[in-house]
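Colleague: Using the sequences and the hints given, assemble the complete structure.
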Amino acid sequence: MSYVVQRLLTFPLILLGVSILVFVAIRLVPGDAITAMLGTEAGLLTPVQREALAAYFGIDQPIWAQYLRWLTGLFQGDLGISSIYGKPVLTVILERFPLTLQLSLMSMVIALSVGVPLGVLAASRNERPSDLVVRVLAMLGQSTPNFVVGILIIYVLSVFFGFVPAMGTFTPLFADPLASIAQLIFPAITLGFAFAASVTRISRSAMLDVLSDDYVRTARSKGATPMSVIWHHALPNALIPVVTLSGVEFGYLLGGAVIVEQIFALPGLGRLVLDAITQRDYALVQGTVLFIAFNFLVVNLLVDLAYVALDPRIRIGRR
Amino acid sequence: MNQFSPKTLLAGLAVATALTSVSAALPAQAAELRMAWSQDATGLDPHKQTAFSSLRLLELIYEPLVRLDADLNVVPAIASSWEFAEDARTLTFTIDTNAKFSDGASVTSADVKASFERLLDEATSAAARSNFLSIESIDTPDDATIVFNLSTPDVPILVAMATINAAVMPAAEIEAGTVGTEAIGSGPFVLESWEPNAREVLSANENWAGGELAIDGITISVLPDEMAILASLRAGQTDFALLNDPLVATLVPMEAGLELNRVGVLNYNVLQLNPSRPPMDNLLVRQAMSCAIDRQEIIDAALAGEGKVTGPLTMPAFAQDPANLFCYEQDLERARELMAESGVDGFSATVIAATGEPPVAASEAQVLQAQLAEIGIDLEIEMMELNVYVDAWLAGDFDMAVAQNGGRPDPYPMYNRYFTNEGNLAHVSNFPDDELDSLMKQGQAETDPAKRVEIFQAFESRLAEQSPWLWLSTGYSYTAQRESVSGFTPSPTGTLFGLVNVSVE
Chain A
76 MSYVVQRLLT
86 FPLILLGVSI
96 LVFVAIRLVP
106 GDAITAMLGT
116 EAGLLTPVQR
126 EALAAYFGID
136 QPIWAQYLRW
146 LTGLFQGDLG
156 ISSIYGKPVL
166 TVILERFPLT
176 LQLSLMSMVI
186 ALSVGVPLGV
196 LAASRNERPS
206 DLVVRVLAML
216 GQSTPNFVVG
226 ILIIYVLSVF
236 FGFVPAMGTF
246 TPLFADPLAS
256 IAQLIFPAIT
266 LGFAFAASVT
276 RISRSAMLDV
286 LSDDYVRTAR
296 SKGATPMSVI
306 WHHALPNALI
316 PVVTLSGVEF
326 GYLLGGAVIV
336 EQIFALPGLG
346 RLVLDAITQR
356 DYALVQGTVL
366 FIAFNFLVVN
376 LLVDLAYVAL
386 DPRIRIGRR
Chain B
21 MNQFSPKTLL
31 AGLAVATALT
41 SVSAALPAQA
51 AELRMAWSQD
61 ATGLDPHKQT
71 AFSSLRLLEL
81 IYEPLVRLDA
91 DLNVVPAIAS
101 SWEFAEDART
111 LTFTIDTNAK
121 FSDGASVTSA
131 DVKASFERLL
141 DEATSAAARS
151 NFLSIESIDT
161 PDDATIVFNL
171 STPDVPILVA
181 MATINAAVMP
191 AAEIEAGTVG
201 TEAIGSGPFV
211 LESWEPNARE
221 VLSANENWAG
231 GELAIDGITI
241 SVLPDEMAIL
251 ASLRAGQTDF
261 ALLNDPLVAT
271 LVPMEAGLEL
281 NRVGVLNYNV
291 LQLNPSRPPM
301 DNLLVRQAMS
311 CAIDRQEIID
321 AALAGEGKVT
331 GPLTMPAFAQ
341 DPANLFCYEQ
351 DLERARELMA
361 ESGVDGFSAT
371 VIAATGEPPV
381 AASEAQVLQA
391 QLAEIGIDLE
401 IEMMELNVYV
411 DAWLAGDFDM
421 AVAQNGGRPD
431 PYPMYNRYFT
441 NEGNLAHVSN
451 FPDDELDSLM
461 KQGQAETDPA
471 KRVEIFQAFE
481 SRLAEQSPWL
491 WLSTGYSYTA
501 QRESVSGFTP
511 SPTGTLFGLV
521 NVSVE
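Chains A and B are the protein sequences, given in the same order.
Counting from 76, one number per residue, gives the positions in the first sequence under the numbering used here.
Counting from 21, one number per residue, gives the positions in the second sequence under the numbering used here.
Calculated directly from the structure, the hints in this document are not laboratory data.
The beta carbon of each residue, even a glycine, is placed where N, CA and C say it ideally should be.
A few of these clues could be false.
Claimed, not checked - Simulated crosslink set (DMTMM-like; lysine to aspartate or glutamate; CA at most 25 Å straight-line):
#, chain 1, residue 1, chain 2, residue 2
1, B, Lys120, B, Asp163
2, B, Lys461, B, Glu485
3, A, Lys162, B, Asp162
4, B, Lys461, B, Glu474
5, A, Lys162, B, Asp65
6, B, Lys120, B, Asp162
7, A, Lys162, A, Asp107
8, B, Lys461, B, Asp314
9, A, Lys162, B, Glu215
10, B, Lys328, B, Asp351
11, A, Lys162, B, Glu202
12, A, Lys162, B, Glu212
Said to hold, decoys possible - What the simulated footprint calls covered on chain B by chain A, stretch by stretch (three residues with Cβ under 8 Å from a Cβ of chain A suffice, anywhere in the stretch; the number is not a length):
#, segment
13, 161 to 170
14, 262 to 271
Modeller: Following this line, the structure appears as C-alpha cells:
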C-alpha cells in the first residue's frame, strides 16, 4: 500500500512539469487566439481593437503572470474557461470523456479477444502454416495506418451497404446502449485492428518463451492434455507482457484517437485537443493535456498493480 | 453454385434497406434539412466573425440592410429601398416595416443605428470596421428611415453593407451585452442550439419578413473529413453538404442520387511576391516570373482542372478578359529575355504555403516550383500550419506566399487594404504605387457605373503589368445534395442564403 501512496505522491510533480511544458510550448508556436479567430483579417484591426481582443482572450499579460493565474485557478479546482465553448474547461472535458473511455474499452476488448487467441494459436502451431498466416496478418495489421482502415470501412459500408455509422454527435451508453455501441463499433474495429495485431505478436512470442520452460514440460510429463497445458499452465504466465502492452496502449487511447475521431466525426478527446490547438484555445489545450497525462499516470499505476495479481512472485515496493 | 451467393445476400440487404427507408420516410414529412460541413463556425457575433463557416451560419440567422443576389446585384433585405445623394456623401435607407427580430420585435432605425455604432466602436474589435470609416454620423428621422452621412464620397460602402459583418441586431441586445450568446436576428432561421465543432440546430423563423419556408429547420453536423461527408450523403444520412476540396467535389457527379452545385467564386489563388525584398524588388524579375508561369497548367495539375485563369478582378461586372493582361500566356522566351535584362542570374527564394488552406496549396506550390525552375529560379517550399502561416503573412515576413485571398463584389473593398498608400495591409503587399492609389480613390468616389468599370480595369492592367503578385486562378464553391433536395441557388459569395427556397421531398 505504501507503494501506491508513494506513486500517488509523485503525480503532482509530474503534472506540474507537464503543465509548464504545455503552457510554454503552445505559446511559443506563432499565431494566437486572435489570428485563429480572424485569420488574415486580423491585419485590419487597429491597435486599440487588438488590445481589446487580447484582454478578452486573457493573453494581454506576460506569460508568467498568465501561468500564475492559471495555477491559482487550478488549486481552486478551476481549469479556466474555454474560449471555443464558452464553458468551464473541466465541463467540456467531462462531456467528451465518456466517448473516449467507451471507445478505448471497446477497442481493447476487440484487440484482446482477437489478439490473445490468435497469438496462442500461432505459438502452439509454431512454424506451421497457420502460424505463418497469423504472423503475416499481424504484420499487415500493425503496418496499416488507421486512417486507411477507417476510410476503407466507411467506403465499403456506404457503397455496398448504403450505411454509415451515426456521425457528428455521440449517443451515450446510458441513453441508448445499443445505438451507442452501434455507433462506436466501426471506429473501435479501426482502432482495435492495429492494437490486435500487436497483441497477437506479443502473446505469440511470450507463449513461445513459456512453452519451453521446465514447468510446462513437467505438466506435460504428468499427463496434462495439450489444451490444459496451454490455457491453464502456460497462458497465465505469458500474460504479463500483454498486460504491459495493453496498459500503455490503453493509456494512449484514453488520450483520444485524433485520426479515427476525425474520420468518423466523433466528438472525443482527440478532436477536442486538435480543435483547441488549431483555434488556439489555450485554457482548453492546457486542461485537456493535463487530464490526459493524469489518466496515463493512473493507468500505469493500475498496470503495475495488475502484475502483482498475475504473478505472486512480484512484490513491488519492497526492496 | 453456392447457395448463399453474394448476390442473394446483397439483394436481401437491398430489400431490407428499402423496407426500412419506406417506413422511415412515412411518419416525418422530411421537412428538416440535414446538412454537413467540415469546418464549424467559430462564433456567433456577426460583427466580429470572419471565418467562412461562421459567416455562412450567421447569414441564415441575421440580416444586413441589403444583400447580394446570385448575380451580385444589391437587393433588399431589412431595407426595402435606398438612395445615394448626388455627391455620394449621404446614403438613405427605408426600412421594411414588416421586418421583425425572431423575438417578435420590429426592426427600427434605432436598431440599425445602434448596430453600426457598435460596429464602429473600437472596443467591439470588428475587423469589418475598416470598411465603414467614412461614416461620420447616423440620423434617424423616423422609425423607418436611416441616413448615413459620409465624410467622403463612398460608393462602395453600399456593397460593404451587403455582408453579414454589417448585420442589424436588436438595440436591446447590444445594450445588454448579449450579442454573440443569444443570436437574435431578423433572418430566416433561429438558432436553437449550438455545440461547437459538433452540431447546430436551426428552426424556421416564423417572424421572417421574407416569406414562408418550405422546411421546418436545418441540422448542421460537423464531419471533419470530406470523404466521410460524401459517404454520409451516399448513405442518406445527410441531405445537403458544403464541400471545400475540389477533389472530393469532382467525385459527387459520379454517384447515383447525388447532385453537385458548382459556382464560380470571387476568391482568387495568387502567388504573392514580396517586392520589398531583392530580387523581387526588380520589376523585370517580377515580369519574367509572370511570363514564365503557365496558369492553365497550374489549374490542370494542381486543381484537377477546377478553376479559371483570372486577373486581379474576379467579379464578372468588372473583370476583363485575362488575355488583355500583361503576359498572361506563358512565354518562356520572353521570360528568359526579361531575366537577362534584369541582370539577375537566377536566384533562390522560399515560398510559404498553409497546409490544407486551401486544400490545393501544396500542389500549387509544387507546380510553381517546377515552372519557375525553367528560368533559373530555385523555390524552396515551406508548408506551415494555418496559424503559423497567418502570423508570417501578417508580418509580411516571406519572400513569396501561395495564398487564397477573399474576393469582394466590388474592387474597392477587395484591394483598398493592399494597394492604397494607407491600406491596412499595405505592409503585407509592400507595394506603394501612386498610380494604383489614385485609381483606387477615383473608383471610390465615382458614381457612374460605366466609368467605375473603366477606372478599375485600368487599375487591373497596372497591377498585372507591375506584377507585385501573380494572380493565378479563381475556383468554385461546391455544395452537394441528394436528389430529394430541390430549390437551392448557389452564389459567388459562397452564401447559403439560397437555402430559404429549398424543399425536401
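Colleague: Would you check the hint for lysine 461 of chain B and aspartate 314 of chain B, treating anything up to 25 Å between C-alpha atoms as holding?
Modeller: 33 Å, violated
Colleague: With a C-beta cutoff of 8 Å, work out whether three or more residues of the segment 262 to 271 of chain B approach chain A closely enough for the coverage to hold.
Modeller: violated (count 0)
Colleague: For a C-alpha distance cap of 25 Å, please report whether lysine 162 of chain A and aspartate 107 of chain A respect it.
Modeller: 20 Å, holds
Colleague: Starting from lysine 461 of chain B, check that the Cα of glutamate 474 of chain B is at most 25 Å away, please.
Modeller: 13 Å, holds
Colleague: When you check the alpha-carbon spacing of lysine 120 of chain B and aspartate 163 of chain B, does it fall within 25 Å?
Modeller: 13 Å, holds
Colleague: Within 25 Å, alpha carbon to alpha carbon, are lysine 162 of chain A and glutamate 202 of chain B?
Modeller: 15 Å, holds
Colleague: Taking only the CA atoms, is the gap from lysine 162 of chain A to aspartate 65 of chain B under or equal to 25 Å?
Modeller: With a Cα-Cα distance of about 17 Å, the restraint between lysine 162 of chain A and aspartate 65 of chain B holds, given a limit of 25 Å.
Colleague: Regarding the pair lysine 461 of chain B and glutamate 485 of chain B, is the alpha-carbon distance no greater than 25 Å?
Modeller: Given pair lysine 461 of chain B, glutamate 485 of chain B holds - Cα atoms ~20 Å apart, limit 25 Å.
Colleague: Would the hint linking lysine 162 of chain A and aspartate 162 of chain B be met if the CA-CA limit is 25 Å?
Modeller: This hinted pair is violated, its Cα atoms lying about 41 Å apart.
Colleague: Is the hinted pair lysine 120 of chain B and aspartate 162 of chain B satisfied, with a Cα-Cα distance of at most 25 Å?
Modeller: 17 Å, holds
Colleague: Test coverage of the segment 161 to 170 of chain B by chain A using CB-CB distances below 8 Å; three residues minimum.
Modeller: violated (count 0)
Colleague: Lysine 328 of chain B and aspartate 351 of chain B: Cα distance at most 25 Å?
Modeller: 19 Å, holds
Hints 3, 8, 13, 14 from the earlier list are contradicted by this structure; the remaining hints agree with it.
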